[in-house]
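Generate the whole structure from the sequences, applying the supplied hints.
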Amino acid sequence: MAIKIALAGNPNCGKTTLFNALTGSNQFVGNWPGVTVEKKEGKLKGHKDVTIMDLPGIYSLSPYTLEEVVARNYLINERPDAILNIVDGTNIERNLYLSTQIMELGIPVIMAVNMMDIVEKNGDKIHIDKLAKKLGCEVVTISALKGTGIKEAADKAVQIAQKKGAAVPVHEFDKDVEAVIRTVESKLGSDIVNEQKRFFAIKLLEKDDKITEQMKSVPDVSAEIKQLEDKFDDDTESIITNERYVYISSIIGDCVTKNKKNAMTTSDKIDRIVTNRWLALPIFAVVMWVVYYVSVTTVGTFVTDWTNDVLFGEIIPPAIENLLNAIHCADWLQGLILDGIVAGVGAVLGFVPQMLVLFLFLAFLESCGYMARVAFIMDRIFRKFGLSGKSFIPMLIGSGCGVPGIMASRTIENDRDRKMTIMTTTFVPCGAKLPIIALIAGALFNGASWVAPSAYFVGIAAIICSGIILKKTKLFAGDPAPFVMELPAYHWPTVSNVLRSMWERGWSFIKKAGTIILMSTIVLWFLMNFGWVDGSFGMLEAEQLNDSILASIGSVIAPLFAPLGWGDWKMAVAAVSGLIAKENVVGTFGILFGFGEVAEDGAEIWGQLAGSLSTVAAYSFLVFNLLCAPCFAAMGAIKREMNNTKWFFTAIGYQTLLAYVVSLCIYQIGNLFIGGGFGIGTVVAVLLIIGFVYLLVRPYKESATLSVSTNKMFSK
Amino acid sequence: MKTLKETSVGETVKVVKLNGSGPVKRRIMDMGITKGVDVFVRKVAPLGDPVEVTVRGYELSLRKADAEMIEVE
Chain A
1 MAIKIALAGN PNCGKTTLFN ALTGSNQFVG NWPGVTVEKK EGKLKGHKDV TIMDLPGIYS
61 LSPYTLEEVV ARNYLINERP DAILNIVDGT NIERNLYLST QIMELGIPVI MAVNMMDIVE
121 KNGDKIHIDK LAKKLGCEVV TISALKGTGI KEAADKAVQI AQKKGAAVPV HEFDKDVEAV
181 IRTVESKLGS DIVNEQKRFF AIKLLEKDDK ITEQMKSVPD VSAEIKQLED KFDDDTESII
241 TNERYVYISS IIGDCVTKNK KNAMTTSDKI DRIVTNRWLA LPIFAVVMWV VYYVSVTTVG
301 TFVTDWTNDV LFGEIIPPAI ENLLNAIHCA DWLQGLILDG IVAGVGAVLG FVPQMLVLFL
361 FLAFLESCGY MARVAFIMDR IFRKFGLSGK SFIPMLIGSG CGVPGIMASR TIENDRDRKM
421 TIMTTTFVPC GAKLPIIALI AGALFNGASW VAPSAYFVGI AAIICSGIIL KKTKLFAGDP
481 APFVMELPAY HWPTVSNVLR SMWERGWSFI KKAGTIILMS TIVLWFLMNF GWVDGSFGML
541 EAEQLNDSIL ASIGSVIAPL FAPLGWGDWK MAVAAVSGLI AKENVVGTFG ILFGFGEVAE
601 DGAEIWGQLA GSLSTVAAYS FLVFNLLCAP CFAAMGAIKR EMNNTKWFFT AIGYQTLLAY
661 VVSLCIYQIG NLFIGGGFGI GTVVAVLLII GFVYLLVRPY KESATLSVST NKMFSK
Chain B
1 MKTLKETSVG ETVKVVKLNG SGPVKRRIMD MGITKGVDVF VRKVAPLGDP VEVTVRGYEL
61 SLRKADAEMI EVE
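Note that the protein sequences, when read in sequence, are chains A and B. Residues in the first sequence are numbered from 1 upward in steps of one, following the numbering used here. Residues in the second sequence are numbered from 1 upward in steps of one, following the numbering used here.
These are calculated hints, taken from the structure and not from any lab test. Careful: at least some of the hints might be erroneous.
What the hints assert, rightly or not - Far from chain A, by Cβ distances over 12 Å, these chain B residues were calculated:
#: 1; residue: M1
#: 2; residue: K2
#: 3; residue: E6
#: 4; residue: T7
#: 5; residue: T34
#: 6; residue: E52
#: 7; residue: E73
As the list claims (entries may be wrong) - Straight-line distance between alpha carbons at most 20 Å, and here's what the computed SDA-like set of lysine to any residue pairs gives:
#: 8; chain 1: A; residue 1: K187; chain 2: A; residue 2: D208
#: 9; chain 1: B; residue 1: K17; chain 2: A; residue 2: D230
#: 10; chain 1: A; residue 1: K146; chain 2: A; residue 2: E120
#: 11; chain 1: A; residue 1: K384; chain 2: B; residue 2: V44
Claimed, not checked - Pair by pair, the computed Cβ-Cβ distance ranges are:
#: 12; chain 1: A; residue 1: F457; chain 2: B; residue 2: E11; range: 27 to 33 Å
#: 13; chain 1: B; residue 1: T54; chain 2: A; residue 2: H127; range: 23 to 29 Å
#: 14; chain 1: A; residue 1: Y700; chain 2: B; residue 2: K17; range: 27 to 33 Å
All C-beta atoms, glycine included, are put in the ideal place defined by N, C-alpha and C.
Structure (structure tokens):
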């Protein structure tokens, strides 16, 4: 018989370590449908019919965070056969708070008190027999890290799942509160099974509208709510929360014997230095420098360049070419395989080594506890733009390459902050955009030294303005973002956990982002290499790009860019080819201007480019390419991380729209200053700027409800 | 009434009342800051906000704007 066991517990309680230990390599990692929350499932080692579901780490079953809503929807609707509640023994008081809520779900529960090795080392004692009695479930002690007791815990979970008994909560609140809960329970309809009555009654009292949406009939409990609120002079939600902690405080003395001497732990000592008022920022800068230096500048670039230039430049393509020549493969098929598929696969895999190096660092920083401190240190700056302190890392990495930058947003807990970071990270000029900057600076500004810094300035301004504007829009205003964050104790992560996290993230990029990258590369290859020459349709030579389908499309869409100052079809084609990889813009110009291969900064075509563009138009072109939709690889990463088609197109659409508006304003207003005259374009630009400023400064109120719909999650 | 925001670093205070409502209040209470609990203000972040406190034996960080909702003595 198939059994489903859910792992539930606070963040940082060792849940992932336990999950890995229980399931080994037999895991399936994905996302909960339509949301950015990760979903992990696996089979219990040695039990083919036992599925273990790793729920997101949560502190409560409140309706206010996406993770909590996802977890409780799963627990209520899917009703696993048993819950294995993991409790951090070193932080037992707060961990038990979630336990009191889990006990009310009417699902068999077994509690595993984790980190027992550390508890013992601290000289503390946890009396599990008393804990079991006071909470009404079986309790075992484990150390997920050392692997002690985990088999027993899993066996017990399987046993209680087979018994099919329901958990009966024994914890009690104040007698007035209990009386009201019983009244509400009796009002509930028969569609709610007996063992879930307490849960639903409490949620009704808490005025939890996400639960009432799921009920067939909702009894009126306003009289009971008023009765409680009058008596306790507080809102019902706070009364219940308070009662839980009161109960825990009342039992904790019996269940835990603390070692009296209050010595500073190693973690405290580390923290005193790492988040010290004066040392925190320098240490932060050094850590970030090391992460950037190793993953972007040295190891990452070295391996990525090798993959791109050697493996997918000198080794694989010639080998395949020889093979195809040997079997007399048709030219078009050879082109498709070499320039479409192999190049596409190369584009996907080329990013992987760099990404793995970065993910290794991120996994280490996350599991050792430093990542929470990053948010603590940087919060003050980033929250002004609707971002999290942890957004710093994606943006820093994004200055090397946007793809790992976007993937790094996974470390941000808050859904809104995460989406905002994904949408804005690629505004930072990445390494591949530097050749475009060099081209424009060299061709039109005599290599002026201000051009490159100004590009970074534009990128940062775009992030800040987008943050301020977007957080006021309907898209983002919905979710509340209280920054009340645990700072977990520092500890050495295990090698296997760090490696596993690195691999999972890398693999999910290959799998999810790979498809879109490969497909788009092939389509664009087709558009660039096929066209009509002398009245017949066929494959073209590289120099015949002028006749390609893409060139025709370029001529059609070119007028769109006329208000931006570069209505020439060549410019449009170059911008579109930048979608494969931004540095392609330079190479495409080379071909279009008849030079074939050009240097990285396109020095050969500077003269021609300067002849066909004004300086203002060139700068507008540069800005457009910096801000518009990123390359396919980055788009693939955005698609992977948003895990939602609507959000994916919103992000890409927003980026391109912003690029268009900013470039238009730069060209039209700039033109005015260099004597281009006043025209309808100038009026539009001024109106756009006024609108933009309005969006920036308009007042707004942060809403108090979670707007992310999770209803469709379970309606399969 | 004194709030947690005004409490200086190194002080231990007792929570008297929580103001405000909705998600932020619930979140603060979920994390263990409830009536009658002792809160030790450990440090302020290098840029002056947020603050780090010890409550129920663990470390918690919260913004000063939210700490203002917590009345202490």
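- Query: So does B:T54 sit 23 to 29 Å from A:H127, Cβ to Cβ?
  - Reply: holds (24 Å)
- Is it correct that the beta-carbon of B:E6 has no partner in chain A closer than or equal to 12 Å? holds (18 Å)
- Task: Mind checking the hinted window 27 to 33 Å against the Cβ distance between A:Y700 and B:K17?
- Result: Roughly 29 Å apart at Cβ, these two residues keep to the hinted range, so it holds.
- Within a Cα-Cα threshold of 20 Å, do A:K384 and B:V44 meet the stated pairing? At roughly 18 Å apart (the allowed maximum being 20 Å), B:V44 and A:K384 satisfy the hint.
- Message: Does A:D208 sit within 20 Å of A:K187, going by the straight-line distance between their CA atoms?
- Response: At roughly 17 Å apart (the allowed maximum being 20 Å), A:D208 and A:K187 satisfy the hint.
- Would you check the hint for B:K17 and A:D230, treating anything up to 20 Å between C-alpha atoms as holding? holds (16 Å)
- Task: Evaluate the condition: distance from the CB of B:K2 to the nearest CB of chain A exceeds 12 Å.
- Result: Given that every Cβ of chain A is farther than 12 Å from that of B:K2, nearest at about 20 Å, it holds.
- Item | Status of the stated non-contact between B:E73 and chain A (beta carbon gap over 12 Å) | holds (17 Å)
- Status of B:E52, Cβ more than 12 Å from any chain A Cβ: violated (6 Å)
- Message: Does A:E120 sit within 20 Å of A:K146, going by the straight-line distance between their CA atoms?
- Response: With Cα atoms ~14 Å apart, A:K146 and A:E120 stay inside 20 Å; holds.
- Item | Beyond 12 Å from each Cβ of chain A, as asserted for B:T7 | holds (16 Å)
- Message: For B:M1, is the shortest CB-to-CB distance to chain A above 12 Å, so the non-interface label stands?
- Response: holds (15 Å)
In the structure shown, a violation is registered for the earlier hints numbered 5, 6 and 12, in ascending order.
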